[in-house]
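Colleague: Residue-level listing of the chains:
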Amino acid sequence: RKEVEQDPGPFNVPEGATVAFNCTYSNSASQSFFWYRQDCRKEPKLLMSVYSSGNEDGRFTAQLNRASQYISLLIRDSKLSDSATYLCVVTSDRGSTLGRLYFGRGTQLTVWP
Amino acid sequence: DTEVTQTPKHLVMGMTNKKSLKCEQHMGHRAMYWYKQKAKKPPELMFVYSYEKLSINESVPSRFSPECPNSSLLNLHLHALQPEDSALYLCASSQVPGDGNSPLHFGNGTRLTVT
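Note that the protein sequences, when read in sequence, are chains A and B. 1 is the number of the first residue of the first sequence in the numbering used here; add one for each residue after it. 1 is the number of the first residue of the second sequence in the numbering used here; add one for each residue after it.
Chain A with its partners taken away, still in its complex shape:
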């Protein structure tokens, strides 16, 4: 079983739509969670960290459900510029001193006018 599983997508939505991505993780002891955004042929960039109480940054809302071991990302009022691949990232505490990060495969979003 993979450490991190994501909705495969692609998601194609019109401007102004609300879209949600989910991501599940297998290690119940996972500590930290992030959403990264990656544009085509570019490097991943941190979109937001995900906190236990849920957090919001403008049109983006991230939530964590430890009991069900999933995190979500909600994008409201989608813009054309939101078109990208969204990567779910989870850290594990398997004794590694580095908090090794595990990436999901990514969910591709296309927002059309």
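Everything labelled a hint here was simulated from the structure, so no lab data went into it. C-beta atoms are modelled at their ideal positions from N, C-alpha and C, and glycine is treated no differently. Check before you lean on any hint, since a few could be wrong.
Below, in silico cross-link-like pairs of lysine to any residue (SDA-like), each with a Cα-Cα straight-line distance of 25 Å or less [unchecked claim]:
{"#": "1", "chain 1": "B", "residue 1": "K38", "chain 2": "A", "residue 2": "P10"}
{"#": "2", "chain 1": "B", "residue 1": "K40", "chain 2": "A", "residue 2": "A29"}
{"#": "3", "chain 1": "A", "residue 1": "K45", "chain 2": "B", "residue 2": "C68"}
{"#": "4", "chain 1": "A", "residue 1": "K42", "chain 2": "B", "residue 2": "E58"}
{"#": "5", "chain 1": "B", "residue 1": "K53", "chain 2": "B", "residue 2": "S72"}
Covered stretches of chain A, as calculated for chain B (at least 3 residues, CB under 8 Å) [unchecked claim]:
{"#": "6", "stretch": "41-54"}
{"#": "7", "stretch": "100-108"}
Here are some chain B residues pointing at chain A (derived, C-beta under 10 Å) [unchecked claim]:
{"#": "8", "residue": "Y35"}
{"#": "9", "residue": "L45"}
{"#": "10", "residue": "V48"}
Position chain B relative to chain A; hints supplied.
Modeller: Structure of chain B alone, referenced to chain A:
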């Protein structure tokens, strides 16, 4: 603009060549990483340096040789690569090794083609 700088941006090399990828950060981060990313796949961890010491090698073939000359620099030496090694090579850094709350900052990457 990224605060992690990678050079070169593009590299084409033959299977008998020796080349090096370079990465630099001046954010005072103490963990630096090399990732490899193929098209439509997530980044795959290759190496991690923690306080300038190699702490993780994800069973990477010896034709890839990392080096961390100081806390700001990270190199990846390439020798006798194969065409299947063609990929985007991403350098990243994080503030504190071992702290999952310290997110990765990626460089722009080097797009490598092995002919």
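Colleague: Given the hinted pair K40/B and A29/A, is their Cα-Cα distance within 25 Å?
Modeller: Since the Cα atoms of K40/B and A29/A sit roughly 28 Å apart, the hinted pair is violated (cutoff 25 Å).
Colleague: With a cut-off of 10 Å, does the beta carbon of V48/B approach a beta carbon of chain A closely enough for the hint to hold?
Modeller: Since the shortest Cβ distance to chain A is 5 Å, the answer is holds.
Colleague: Could you grab the alpha-carbon distance between K42/A and E58/B and see if it respects the 25 Å cut-off?
Modeller: 23 Å, holds
Colleague: Checking one constraint from the list: CA of K45/A to CA of C68/B, max 25 Å. Satisfied?
Modeller: It holds: about 23 Å lies between the C-alpha atoms, which stays within 25 Å.
Colleague: Classify the hint on Y35/B as holds or violated, based on whether any CB of chain A lies nearer than 10 Å to its CB.
Modeller: 9 Å, holds
Colleague: Compare the distance between the alpha carbons of K53/B and S72/B with 25 Å, and conclude whether the hinted pair is satisfied.
Modeller: 13 Å, holds
Colleague: Given as covered by chain B, does the stretch 100-108 of chain A meet the bar of three residues or more with CB within less than 8 Å?
Modeller: holds (count 6)
Colleague: K38/B and P10/A were given as a pair; does the straight-line alpha-carbon distance stay at or below 25 Å?
Modeller: 18 Å, holds
Colleague: For the stretch 41-54 of chain A, do three or more residues have a beta carbon lying closer than 8 Å to a beta carbon of chain B?
Modeller: n = 7 at 8 Å, threshold three: holds.
Colleague: Under 10 Å is the threshold here; is the Cβ of L45/B close enough to any Cβ of chain A for the hint to stand?
Modeller: 7 Å, holds
Violation of the numbered hints given earlier is confined to hint 2; every other hint is satisfied by the structure.
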